[in-house]
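Can you make the complete structure from the sequences, with help from the hints?
Below, each chain spelled out in residue letters.
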Amino acid sequence: MVTIDEKKMIAKEKVNNPSLAKTIWREIRHDKMALISLVLLIAILITAYSSPLFINQEQLKRVNFLETWEAPSETHWLGTDDGGRDVFGQLLLGARNSFTIGLSVTLIAGLFGLTVGLIAGFFGGMVDNVIMRIIDFLMVLPSTMFIIVFIVIVPDYSIFAFVLMMSAFAWFNKARLIRSRGLAERELDYINASKTLGTPSWKIMFFEMFPNLSSLVIVNMTLTLAGNIGLETGLTFLGFGLPASTPSLGKLISFATNPDIVQNKSWVWLPAALLILVMMLCINYIGQAVKRASDARQRLA
Amino acid sequence: MIKFILRRTLIMIPQLLLLSLIIFVLAKQMPGDAVTGAFMGNPNATPEQMESIREHYGLNDPWYVQYGNWIGKAVKGDLGQSYTHKQPVTHLLAGRVANTVTLSLFVLIVTYAIAIPLGIIAGRWTDTWADKLIVTYNYFSFATPLFVFALLMLFLFSFVLGWFPSGGSVDVRIETGTWAYYVSKLKHLVLPGMSGALLATFGTIQYLRNDIIDTKLKDFVKTARAKGVPEGKVYTRHILRNSMLPIAAFLGYEVTGLIAGSIFLEMIFSYPGLGQLFIQSITGRDFTVTTAIVMISGTAVIVGTMLSDIILSAIDPRIRIE
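Chains A and B supply the protein sequences, listed in that same order.
My numbering runs 757 ahead of the 1-based position in the first sequence.
My numbering runs 33 ahead of the 1-based position in the second sequence.
Everything labelled a hint here was simulated from the structure, so no lab data went into it.
Wrong hints could be hidden among the right ones.
[Claimed, not checked] So these bits of chain A aren't anywhere near chain B, every CB distance computed over 10 Å:
#1 T780
#2 R786
#3 I892
#4 S915
#5 F917
[What the hints assert, rightly or not] Here are a few chain A residues that sit away from chain B, every Cβ distance over 10 Å (derived from the structure):
#6 K764
#7 T953
#8 S972
[As the list claims (entries may be wrong)] Computed beta-carbon distance windows for the label pairs:
#9 I799(A) x T169(B): 20 to 30 Å
#10 T42(B) x M889(A): 12 to 22 Å
#11 P1016(A) x P121(B): 29 to 39 Å
We put the CB at the ideal spot given by N, CA and C, even for glycine.
Right, dumping it as structure tokens:
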């Protein structure tokens, strides 16, 4: 029987222990750079994701040889590319595609890494040993090369296959991180108590252990999100990413493999390069704030 | 210690075998085989002829026989024939490997030359303007994708300012072996090398800064100060001696990043190294070359991590126990 006093105590404790979201918000508000980054990133994302409303996607794909390589003007804010397609429209749709793919890779890899890490950390012993040996091996593979090779040999190549390919090489570090914290967590009383009560292992893993590791997961995911967007645009830049018909930042930048374009037609690739740079820096500043929020010793606020 | 080295070296053997097996399976999945490659553009080849050549080269054998042959040859240094370049792969790779190793060494040296002093400054004078500047630079180098940064460097220093050549590894008009030849080589190295190095400093700076901040509050440092050791010496003799050793050990782990980086750097600066050849071979469907490059890179990473593990365990005996 819980008395009213105890209820009050619990309520009070909840006030004193603000949720992670609240701490993150307080931390971001306190750090000017993170706040600017957040506002800027949200502005970029809203523009990019709402762009299909005011950009004619069909027209963006149509090749128009009368308007190739036009310099920025009123009709084409950032000029046109080799097929007379509007660069500004491609930039917005590209930013949307890149962010969506980066986010999906982060989520898929995060989910898989989390599951593997929790299994290794929760069971420990032999299970942990086998999983870790496999991860040790996967980590020494030259991943960029393998992703490219996989992309070339996969029979019906699609955006989904590309996302899976990238995720397949993005989960090892997460699994290792979760596993090392999980190993410490499994020795604690609440896990043992649950085991004694006969709770199934998967329930303990996902509903009891995971909430205690969630801040770790969130920090890691925000920090790797930028990296995944960078890798996606990088691969597309090399010609091993999104199909050529999909507008993407990497494709715009890949025009810069021709010296004439690098120098004389910089409106095609420079905005995309700068946009990636700005997005990465924003995500990273926010990520650093999230990281500090998750560790009370580092907090500024 | 010897036991650890032995065990660590033995782990390498299954790793290498597994790597070669995966690469072999992938190579088999790639469209076309050696014979279609060799007869590409030869309309006189009949299917029967091609079949008999397949039989002759053992391409109809079961996969484990083929795998055995491939590995046996690879160990002896025979990596097959390149079909676009019509020469042995080993031949083709030799010059490329030298170029990539030169570039990677340049990147490594510059990385440490920048990162170690900056890490020490940031760690020693925490929360000064210098530290804040270094931490900002570190955020930047962590967040920036290599290919974007390299392109901007190329644009700025090669096209706008015209200080450095925009591609290649050496000026072709200069005679090999002369003084001007080496100067030209170095000039071609600076831009790709600096682009790689400026972004690679992240890990070292971060590690050194954190480690120095932790160490400078430890008891043995306080003792040294209490005994009247000058502040400069406290750092060089007491703190840095502890913090610097692992950096030497991490060298081997850097190989992974260097290989991934070389693909982008060499493509952007059209630097004739392994990374560029890898992309060229894969777009040109010259898969014997692709396979050989992936195998070499994988081996380099495996050997690199092994060396790092051994050096680390020599420095820190706690690692050996596990």
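Status of the hints after comparison with the structure:
| no. | hint | in the structure |
| --- | --- | --- |
| 1 | T780 | holds (21 Å) |
| 2 | R786 | holds (19 Å) |
| 3 | I892 | holds (12 Å) |
| 4 | S915 | holds (17 Å) |
| 5 | F917 | holds (19 Å) |
| 6 | K764 | holds (43 Å) |
| 7 | T953 | holds (30 Å) |
| 8 | S972 | holds (20 Å) |
| 9 | I799(A) x T169(B): 20 to 30 Å | holds (22 Å) |
| 10 | T42(B) x M889(A): 12 to 22 Å | holds (19 Å) |
| 11 | P1016(A) x P121(B): 29 to 39 Å | holds (33 Å) |
When held up to the earlier numbered hints, the structure conflicts with none and fits them all.
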